[in-house]
Amino acid sequence: MPESDMGIIGVIIAVLGGAIRIGTPFLFVSLGECLTEKSGRINLGLEANLVMGAMSGYGVAYLSGSAWLGVLVAGLTGTVLGLIHAMLCQQNRVNDIAVGIAMMLFGTGLAFFLGKPFIQPVAPRLPSLSLGTWSESPVVQAALEINVLFIIGLILAPLMAWFFKNAKWGLFVRTVGESRDAALAMGINVNLVRMYSTMAGGFLAGIGGSFLSLYYPGSWNEGLSSGQGLMAVALVIFARWNPMYCLYASLLFGGASALGPALQSVGITQGYYLFNAAPYVLTLAIMVITSSKKQRFAGMPGEMSNI
Amino acid sequence: MTRELGKLLESIAIPVVALLVSLFLFSVFVSFSGANAFEVLGGIYRGAFGSWFSWQNTLVRAAPLMLTALCTALPARIGLIVIGGEGAMVIGGLFAALTGIYLDGLNPLLVISCMTLAGVITGGSWVAAMGALKHYRNVNETISSLLLNYIAIAILSFLVLGILRDPATLNNPSSYPIGEANMIGDIGDTSIHGGLLFGLAICIGLWFLMRRTIYGFAVDIVGGNIRAAQISGLPVGKLIILTCFLGGAAAGIAGVIEVAAVHGRANLSLNAGYGYAGILVAFLARHNPIAIIPVAILLGGIRASSGLLQRSFDLPDATTLVLQGIIFIVILASEALYGRIKWFQPKVTSNA
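Protein chains in written order, with the working numbering: chain A, 1 to 307; chain B, 308 to 659.
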């Protein structure tokens, strides 16, 4: 990236651009988690979907030459992981939070194992739209390179909100999430709805992973994801289980993550590693502020284990 | 069969069967990737327990695992799922190194004691903070502990790659050394460092505390039914924070050992995944501090065999991670079996 002389304005533009670029995987993972949690189950293992999605998407894109085929396979990988999670959680006495941790360790180990051959090769990247050509400034141009997946996510968020509100299946998901007994009385197969919700959520998280390896940072390596999958769970709480708020929260988190690199690009390297902790500190601060000892969160599905 | 004996047998038999099932699934997995499963399993055994040399390797890795496992096991007894062992280990090790660098030159025994104390206080407070956030603000401890892991690693990188960096360390950036005199030596003429004794003693001590004292009993009541504990007047908040502190202190000592017995300085290898593997150890041991000892040795062995698998079978170093992941998932799935197998259930006697 070229040196910029725009100072503080440059930092702000870089943070805004980063909000979209780094926020996109957050958006997909949080929408997936939102869907799963709406059905009354929490999936802490989406980190695995993210890393496995990144690895499988990259591998398939490299082998087939098509980045979009990679995205599809990443989603399907996430679906399979969601299926495993759902089948384990259906068993008696099996704790969904512990299963999430186990899936996280299993999925990252598996991705590192299978992904070894793909660390060196270069796969095709996902296309992006250059919306910044009107500007002379390379900083603005870089910030307005918008990836197609972000636009898909931008459409998906209101679509999911509509789905919960108006679609028959959306009502099923919400009923199962609010009250198992009510759902049973309506003749809904609770485990089946939860399984589909976890699988669909896993699909979206897998796609979020493919964005990491196929667009930004744009290659496969073992340090690709650093807790974004779990941060998405906190993000969904912050977003009050509302898909539209997930969109805004993802942009906020993306911006916080972009702060360190943006400051570094204008020559402020002091405390670079501390700025990298910004998204984690922000998440923690948000959780401390929004949690309450007295009551459950407003909007929290009634069947969910208390988080 | 009495109720007690049935429960004990059940809690040994189910994990053992789950381990065998995991090994079978792992064999299928490595067969698909083109290796001979029997040879790979044999390789894991040889790398872990096949010779005195590999035993030493295994035990060196088991020591920190015992301590990080306690960081998940103790809070689990009071009903919290904490996965912050990695962060507590990093913070404990970092502050132990700071203490050692600062006090270098004094009596080595005093320096080591102060380093351990620093690890206990910082690691313990790190996890106690998660317990306090849970109790006072109802912040989910699983998520907060993971976030704090990343924050701990950021602090470590900031200091070790910044103001603490010894310019002489080029390839593996590290802090200044704590001084040769202040390091924990090996046991006898083995290559096993004294940290193993720390691990064993702390596991046994905490088992006694959790199983044979009023404090341990109170923790089990809170873990069993928090409402009942509140109604019976137990100081729930204090118990939660103290239990988290003890777990974090154990993980902090794991960091002290890595600094004082292995590296002699603080560096990024403090963040080598012992905290995450410790979670698995705790769940496999069903959060029992005594059971953690053999499980940590088993897992230490699996980790120790990683190098041999890479050299002999050309398998990636993540192979042992896959095995650990499979074990974790099968162990959790096996939870569904408890109380369902007739053979372990006491005969219902009708002499009432």
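No lab work stands behind these hints: they were computed from the structure. Quantities reported herein were computed from a predicted structural model and do not represent experimental measurements. Glycine included, each C-beta is placed from N, C-alpha and C at the ideal position. One or more of the hints may lead you astray.
[Claimed, not checked] With a cut-off of at most 20 Å between alpha-carbon atoms, the simulated EDC-like pairs for lysine to aspartate or glutamate come out as follows: (1) A:Lys116 x B:Glu317; (2) B:Lys649 x B:Asp624; (3) A:Lys116 x A:Asp181; (4) A:Lys116 x B:Asp527; (5) B:Lys314 x B:Asp527; (6) B:Lys649 x B:Glu317.
[Unchecked claim] Only some residues are given here: those of chain B computed to face chain A with a beta carbon under 10 Å: (7) Leu315; (8) Ser318; (9) Ala320; (10) Pro322; (11) Ser451; (12) Asn456; (13) Tyr457; (14) Ile462; (15) Tyr583; (16) Leu628; (17) Ala640; (18) Ala643; (19) Tyr645; (20) Arg647; (21) Ile648.
[As the list claims (entries may be wrong)] Covered stretches of chain B, going by a simulated chain A footprint (3 or more residues, C-beta under 8 Å): (22) 411-425; (23) 509-523.
**OP:** Mind listing which of the numbered hints don't hold for this structure, in increasing order?
**Re:** 1, 2, 3, 4, 7, 8, 9, 10, 21, 22 and 23
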